[in-house]
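2 protein chains.
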Amino acid sequence: MSLLFDRMVQGKNFMAAHVGKWEDLSQYKMTSPFKAYGKVFLKEELQCTGMEVSLNVFPAGASMPFHHKHKENEELYIFVKGEGQFQIDGETFEVREGTVIRVATEGVRTWRNHSSENLYFICIQAKANSLVTGMTEDGVVIDQPINWLEDEKS
Amino acid sequence: MSLLFDRMVQGKNFMAAHVGKWEDLSQYKMTSPFKAYGKVFLKEELQCTGMEVSLNVFPAGASMPFHHKHKENEELYIFVKGEGQFQIDGETFEVREGTVIRVATEGVRTWRNHSSENLYFICIQAKANSLVTGMTEDGVVIDQPINWLEDEKS
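Sequence order for the protein chains is Z and Y. Residues in the first sequence are numbered from 17 upward in steps of one, following the working numbering. Residues in the second sequence are numbered from 17 upward in steps of one, following the working numbering.
Treat the hints loosely; a few may be bogus.
Note that the list lumps identical chains together, so a pair holds whenever it fits in one copy or between two copies.
What the hints assert, rightly or not - Here are the simulated EDC-like cross-link-like pairs (lysine to aspartate or glutamate), alpha carbons at most 20 Å apart as the crow flies:
1. Lys28 <-> Glu99
2. Lys97 <-> Asp40
3. Lys37 <-> Glu113
4. Lys51 <-> Glu122
5. Lys59 <-> Glu99
6. Lys55 <-> Glu113
7. Lys45 <-> Glu88
8. Lys59 <-> Glu122
9. Lys97 <-> Glu133
No wet-lab data here; the hints were simulated from the structure.
My request is simple: use the sequences and hints to build the entire structure.
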């Protein structure tokens, strides 16, 4: 993992890190099970138990060299910046800043960046049909005072 | 849900939408179970089954008015743009573009934007301990040709 992945702080119930600015993602690479540049996975680094998440930069002119589907995991793609095209089950559509796509396990997917700028996106995997409650239903408000130390203000 | 949430295309195995640019998030609001501006949840709109995801803008000077924890769901926060502070179990740290935080159910969390610019972030909920495989392990490469129709090029 790159030195860019700077572990900032952790506690009993959390782990936080800084992966760098979007433009810095091009410095990340994975080598196994295949080579991929500009991709950083978070699950292992942050010890996630319910999801895998990757942050991605896909350079101008790049295309995924294969289609893929999934065994157990639903995927959600969130496009952060740039423009490209996505294809699922043979259907092609444009993606750009603010495009969000849910793909079921069986969806046969691929994408490309046919623009002249980097395409940035987040991909989230979670086990299909695993979620019990969404929105704010799972949250519990804690009735205790909030203390912000003013000398920690940046 | 706002008109900004433009359903673009759907198929048997997917649903895609465009929620607008990051700056447009301030036009979203939720009214139940409490009022919140600049927050859009994706699960219901995209029919997600394994995760809840929200895209958020938190304006300059804003603070969450309470701490919260969760019953079943792990959370991951991804900071997209801007600066602020996060607090978990009484520990405070800075967040900015590229900060990622995994919080277990029991983590007592709150945050604020004490900067002079908008703070943009994504929050993902998934059931703790539900994920079986991460990284690329769950993917299956599909051996079929990729066809991009050039007249669909934007």
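Any of the earlier hints contradicted here, and which numbers?
1, 4, 5, 7
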